[in-house]
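K.L.:
Sequence:
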Amino acid sequence: MSLEIAVLAAGAAYAGGVFLYEEPEGLNGHLRPGHLVLVPFGRGERPEPGVVWRRLAGKPSEGRGPDEEERGVRPRRRVIRLLDEEPVLDPMRLEWAAWLSRTYLAPLSECLRLMIPAGLIPRREPVYERCAPEGARGGLEHAVAVSFAEQVLLAALAEGPLAHSEVHAILRDFPLAERQRALRRLLERGWIRRSWRIREGRPPTLRMIRLKEEGILQALREGGIRLGRRGEIVARRRRLLERLQEAGRPLPADWLQAETGCTPADLRQLTRWGIIEPVERPIWEAADPYPVPEEPPPLTSDQALAWRAIERALKVGRFHAFLLHGITGSGKTELYLQAVAETLRRGKGALILVPELALTPQTARRFEARFPGQVAVWTGGMSPAQERAIWERIRRRQARVVVGTRSALFVPVPDLGLIVIDEAHDPSYKQDLRPEIPYRIPAYHAVDAAMALARALEAVVILGTATPSIELRYQAEHGLLEELRLPRRFLGYRPRLAAQARHFGASLEGFVETEAEALTSGLPPVEVVDMRQELKAGNTGIFSRALERALDQVLRRGQQAILFLNRRGAAPFVFCRDCGHLMRCSQCDLPLAEHLHPTRWVCHHCGAVEPPVARCPHCGSRRLKGMGIGTQAVEEAVRRRWPAARVLRWDLDTAPTRAAHALIWRRFADGEADVLIGTQVLTKGLDLPLVTLVGVILADVGLGLPDFRAAERTFQLLIQVAGRAGRGLFGGRVIFQTYRPDHPAVAAAARYDLDGFYRGEVAFRKAHGYPPFARLVRLLYWHAEAERAREAAERLGEALRHHLMAKGAPPSAMIGPAPCYFSRLRGLYRWHILLRGPDPVAWLRDFPLPPEWRVDVDPLEVL
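Numbers 1 to 863, taken from full-length UniProt numbering, label the letters of the sequence shown in order.
Just to be clear, a hint being listed does not mean it is correct.
[Unchecked claim] The list that follows gives simulated cross-link-like pairs (lysine to any residue, SDA-like), each with its CA atoms no further than 25 Å apart:
id, residue 1, residue 2
1, LYS766, ASP753
2, LYS315, ALA304
3, LYS684, ARG733
4, LYS807, PHE773
5, LYS212, GLY274
6, LYS766, ALA710
7, LYS430, ALA476
8, LYS430, ARG440
9, LYS212, ALA235
10, LYS684, PRO361
11, LYS684, LEU433
12, LYS625, GLU636
13, LYS430, ASP448
14, LYS430, GLN475
15, LYS430, LEU844
16, LYS766, GLY837
17, LYS625, LEU590
18, LYS684, TRP255
19, LYS766, ASP839
20, LYS212, GLN269
21, LYS684, ARG751
22, LYS766, GLN475
23, LYS684, ASP448
24, LYS430, ALA710
25, LYS536, ALA750
26, LYS625, CYS579
27, LYS315, PHE371
28, LYS684, HIS605
Since the hints were derived computationally from the structure, they do not count as laboratory data.
Using the sequences and the hints given, assemble the complete structure.
P.N.:
See the structure below:
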């Protein structure tokens with residue numbers, strides 16, 4: 001029996017990804033669509049994973065192409081082995097993969113690859129052995145032409161076969177290129193042959209740390225134990241031991257390092273001294289104990305009205321999509337929780353998506369409290385072992401609720417009945433196209449993909465947001481989504497808030513009580529400060545006079561403030577004050593940002609770091625200066641102006657990992673800092689009742705970009721960050737600092753005027769033919785040589801223009817080819833072509849698009 005198998009190897013995507021194989025005799029008739037298998041692929045027949053796509057009727061020989069027998073084509077290669085007894089993908093998800101492939105013009109194998117975690121694939125390693133002289137095509141008599149590296153390798157192989165890693169260890173004194181050349185030449189001559197070793201993965205474990213003996217800290221206090229010589233080393237090791245004693249149980253090593261500042265070297269030294277010991281635990285056995293189940297509270301009248309519609313859809317058990325449009329703090333999460341509870345009662349699973357890694361721990365805790373033992377967390381960046389453990393737990397129905405980022409959409413939750421997408425407007429739900437991936441991938445949007453999956457599974461979708469995108473509101477307006485509104489901010493229930501008020505000396509006056517004993521309030525007032533007038537008044541600092549006064553007041557009262565600026569670093573660019581030369585990234589031709597501690601120049605597009613130079617490379621002047629402001633500059637200014645304030649900064653520099661995100665959030669939530677400074681991560685999902693002030697340092701960031709969504713993105717960010725203030729008993733206020741106070745996005749955000757902004761944007765987009773009144777497809781090409789990039793773009797543009805004319809498309813359907821706004825990134829010159837029309841994807845389905853061109857369907861930006 002012949003099988004069509006989608007091979008999940010990088011090189012397979014170039015040829016469409018689906019190939020014919022023969023079923024091995026031992027599995028004859030057993031393999032079904034959705035099974036995960038290992039197959040030989042490529043010239044070296046290396047073992048690669050694949051998903052059985054379909055079975056072809058007939059004898060094995062009939063699975064070959066026409067006339068292959070007559071042409072002497074070798075028989076189809078056979079499947080090596082079955083990797084899992086049960087199909088890893090059900091028929092509905094296979095159909096969904098086909099939808100992804102058609103919609104995003106991506107190889108089917110790449111769409112299936114999204115659904116197969118790396119933890120399911122065994123490790124494969126080449127093994128080399130020496131051939132007998134008579135079997136060598138080149139003959140060992142030509143050994144005089146053998147390089148020294150080849151002689152060393154042949155001598156080593158005479159002792160027996162060697163794994164790939166062992167070959168490189170033996171040849172470690174030779175450059176990498178010479179090692180690779182030696183292997184290639186010996187293989188080509190037939191003096192050595194290669195086979196493959198398949199290694200099963202170890203059971204997934206988590207490294208934990210525990211105190212080896214009780215009384216360690218007591219001995220430390222009495223001077224019986226020394227932790228080192230230098231004070232800072234002793235201090236962090238003491239913090240580690242105190243944290244372990246406080247917990248009274250083993251803790252994950254990575255969390256300990258993030259919390260206490262200890263290094264791996266500290267852990268090794270303390271282990272050698274016998275003070276602590278590492279233990280390996282199965283990942284899910286090592287998880288923190290689940291909290292006591294939280295009882296669902298009564299709903300407010302707004303929530304109850306929305307819940308009746310959601311409950312009705314869940315009971316019907318058919319596809320239905322809701323746009324849950326609730327202002328920040330209106331109680332959307334409680335509706336998510338109740339919807340999940342109803343879904344579980346009906347024996348189905350639920351999936352909760354959040355836009356940012358930083359939001360995952362906070363969201364997971366809320367769901368774990370309500371559904372103890374039933375929640376699994378899925379995010380990017382997990383190890384293969386972690387992926388395997390979580391995937392198996394979900395498949396075995398041990399976890400019926402999955403919380404995660406965009407990639408969690410592809411986890412095959414059994415009997416999925418509910419998909420919740422929180423902050424559904426967020427651009428993080430769109431898959432980026434990255435030049436380091438040398439083949440076409442599906443540039444999917446999680447909202448659109450989730451809607452397609454829910455239709456196939458007859459599931460309910462809830463899209464929750466305080467600032468719905470123009471497209472989502474347009475769909476709701478035209479009946480494609482049912483819009484549910486939560487117009488009032490929910491603070492909490494009177495008994496709990498009254499206790500808090502007594503504790504903090506606050507008052508409940510001014511809050512509105514509903515029939516469920518819930519108190520609600522309006523959104524915090526916004527003050528817009530024109531920074532042009534500040535300059536005229538002689539204020540050249542980062543903070544306006546209004547923001548300075550407000551921060552003084554907050555700090556005196558012992559409350560908290562958030563300062564938002566969507567720029568990292570100390571200064572967004574560095575230039576010469578004599579000749580005006582701008583310091584640019586050598587790979588991107590874009591300005592380098594100045595960072596402090598230590599001083600360095602960083603490209604925020606490719607991540608390149610360059611040491612600062614003392615002289616201008618253009619004129620030799622020493623008058624180089626960083627201009628503009630970033631989050632580091634704001635932090636420095638706060639520390640100078642309010643030296644007693646406890647300050648935290650939250651951006652990619654201070655929180656590169658999930659553990660660091662969680663640690664910063666927890667420290668601020670626990671009141672260990674007064675001021676939190678950060679980028680757009682601050683705009684999403686943070687519920688901090690002591691935050692009474694939000695200051696937007698520069699509301700204009702991003703408004704000047706030549707992108708039709710620039711105003712919408714700025715508007716959403718301003719509304720979202722303003723919603724972080726006033727979520728507790730003390731109320732709050734918001735200050736926007738701007739040089740463009742009359743811009744429609746800034747003015748509408750200051751009034752919380754979502755309807756007015758929507759009407760203005762819809763009129764603009766209709767007049768110019770932008771979504772939702774047309775769809776866009778962006779074709780992207782990049783190359784290291786500028787001329788090659790231009791020639792390829794012009795060549796494709798000419799062919800595509802003729803193709804569109806034959807299809808009857810209007811001349812306005814194609815824009816370009818042209819250099820991208822960011823014309824060079826990571827050393828690659830970028831060109832693009834835009835297609836615009838009712839369904840531009842249909843124009844491309846029968847067009848021979850070269851594989852090196854990337855396709856972005858419904859792009860969120862065209863820069």
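K.L.:
Mind listing which of the numbered hints don't hold for this structure, in increasing order?
P.N.:
Violated hints: none at all, because every hint is consistent with the structure.
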